[in-house]
Amino acid sequence: MADVRRLVLDVLKPHDPPLVAFTADVADTESVEAISGSLIELDKEVQNVKLTLEGSSLDYDAVEAAVEDLGGTIHSVDEVAFGDYIVEERLTLQDG
Amino acid sequence: MADVRRLVLDVLKPHDPPLVAFTADVADTESVEAISGSLIELDKEVQNVKLTLEGSSLDYDAVEAAVEDLGGTIHSVDEVAFGDYIVEERLTLQDG
Amino acid sequence: MADVRRLVLDVLKPHDPPLVAFTADVADTESVEAISGSLIELDKEVQNVKLTLEGSSLDYDAVEAAVEDLGGTIHSVDEVAFGDYIVEERLTLQDG
Amino acid sequence: MADVRRLVLDVLKPHDPPLVAFTADVADTESVEAISGSLIELDKEVQNVKLTLEGSSLDYDAVEAAVEDLGGTIHSVDEVAFGDYIVEERLTLQDG
Amino acid sequence: MADVRRLVLDVLKPHDPPLVAFTADVADTESVEAISGSLIELDKEVQNVKLTLEGSSLDYDAVEAAVEDLGGTIHSVDEVAFGDYIVEERLTLQDG
Amino acid sequence: MADVRRLVLDVLKPHDPPLVAFTADVADTESVEAISGSLIELDKEVQNVKLTLEGSSLDYDAVEAAVEDLGGTIHSVDEVAFGDYIVEERLTLQDG
Amino acid sequence: MADVRRLVLDVLKPHDPPLVAFTADVADTESVEAISGSLIELDKEVQNVKLTLEGSSLDYDAVEAAVEDLGGTIHSVDEVAFGDYIVEERLTLQDG
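Residue numbers (the numbering used here), protein chains in the order written: chain R, 1 to 96; chain U, 1 to 96; chain W, 1 to 96; chain V, 1 to 96; chain S, 1 to 96; chain Z, 1 to 96; chain C, 1 to 96.
Nothing false has been slipped in among the hints.
Each computed EDC-like pair below joins lysine to aspartate or glutamate, with the alpha-carbon atoms no more than 20 Å apart:
no.	chain 1	residue 1	chain 2	residue 2
1	U	K44	R	D10
2	S	K44	C	D10
3	Z	K44	Z	D16
The hints are simulated quantities; they were obtained by calculation from the structure and are not laboratory data.
Given the sequences, and given the hints that come with them, work out the whole structure.
Below, the structure written as structure tokens:
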């Protein structure tokens, strides 16, 4: 099966652990070589964050388990890349 | 015949298999060297996703068959590139 | 006479052959080294597509003939480049 | 006198010769190393096109003569560059 | 644990010390290799500033302590990056 | 005194000499290594143009004299750069 | 103490000395390796300008003294960078 090279995840998480500790724990998942976590929106009870992960062969199930162990849920997978290299998506005339 | 080097496809798919598994299966099609799948829109019954594929000689029919085997349909081919190298499309004064 | 190095064409085509086959056939025109075809608009009876072609000496008449053999028409030439290299057009203060 | 290195011209031309042939003829003017012609606007009787020319020492008078021999007129010179290299114009805080 | 490579912080600070002195003090925190501070908004009583920090292994707690010693508070962590290299976040079709 | 490395000037000039000849004459000022002239606005009696000049040590007074000898006036200096290299100005959060 | 590597200053200055002479004098401050001055707004009595300075160890107090000796005042420090290299600030999802 082809290797997952990049994942962009839209995640809902509780306020605790905060973004730095939360992202650090996901970063410790085997197969993750680099990760960035960004705040999308702060709500009273949850935080909506965006995680961007790269690796030579990311283990999606392990990443999802790490997010859920921390009380978070993956709301949607916004982008996933497979292959010998990462194809950057490009805007087309249809993306208006 | 000239080789297909890049394809950008607008695809409708059922919720299951989810985007990661769906794109993984298309990635396993022979001739695909790299692929990214992005979520365009979530609907109650279908997901609208954008697939960007590259290879030195992509087999369009095999890609279409893989998409359909997974319950998806190619709604439109938004971009296709052939040749010794990939010509990036450029905005002209006519693209407003 | 100077060599044509790049052509950007606004083309109207019937639904059949579809974009991949249509662009493949134009790609097979001698002198075309690379080509990309993009969907601009889908209509009931025609498709409006944008073709971007590069080569060291493109044969415009052969390209036009290929488009017409496939039932298409060149609605307008949006850009053409000649010379030792390709001058990218730049926005000026007059393009506001 | 300093050498002209780039010219951006706003040109009005009759429909005939069409853009490819028109630009080809201007491209044949001595001193022109590279040129691109783009469609700005199509009118019933005239076409408004933008020509971008580069060379190590462009001959403006010869370029203007070529445009006029083809029935065109230079409506305005939108940009001209002289010197050892081409200074790209940059937006300043005054360009709003 | 994975190393923090970049932090983007939204900080509220009193007017005194001013931005240059405030950022200088945070810059002196061990583990900070480079930092930039930017003014977001000036209020009567507080300043809202954005700090961007990079290092091979940033110590978040020490950075937070430095900010608080200067009378500031971290209003939110807007971005954090971990790993062998820094993954730049990319806009997806969901960021519209 | 530090050397002027780049000047961006907002200039008002009569229609005659036209932009190419006008910029050519300013280009001949000693110390100017490269210059581009762009049309900002055409009026009945004057033209508003933008001149961008670079050199290792531009002589501002000589440039101003050249502009005035040609019947022009410097309406404003929009940007000036000094030093060992040219610092590009960057947008900050205050430029909104 | 960490070295200041870049400063972006929002400055109010009288009309005299004009921007070129004003920036030249600030450029002569020791520690300034490169500086650019840009016009933000012209008022009847004052000019609002933006100064961008770089150096391996800028002396903020000397820069402020130079600005004030010329009759100007620093209205705000919009950006300051310290460290082994300059971290470019990046837009986050919080910058809207």
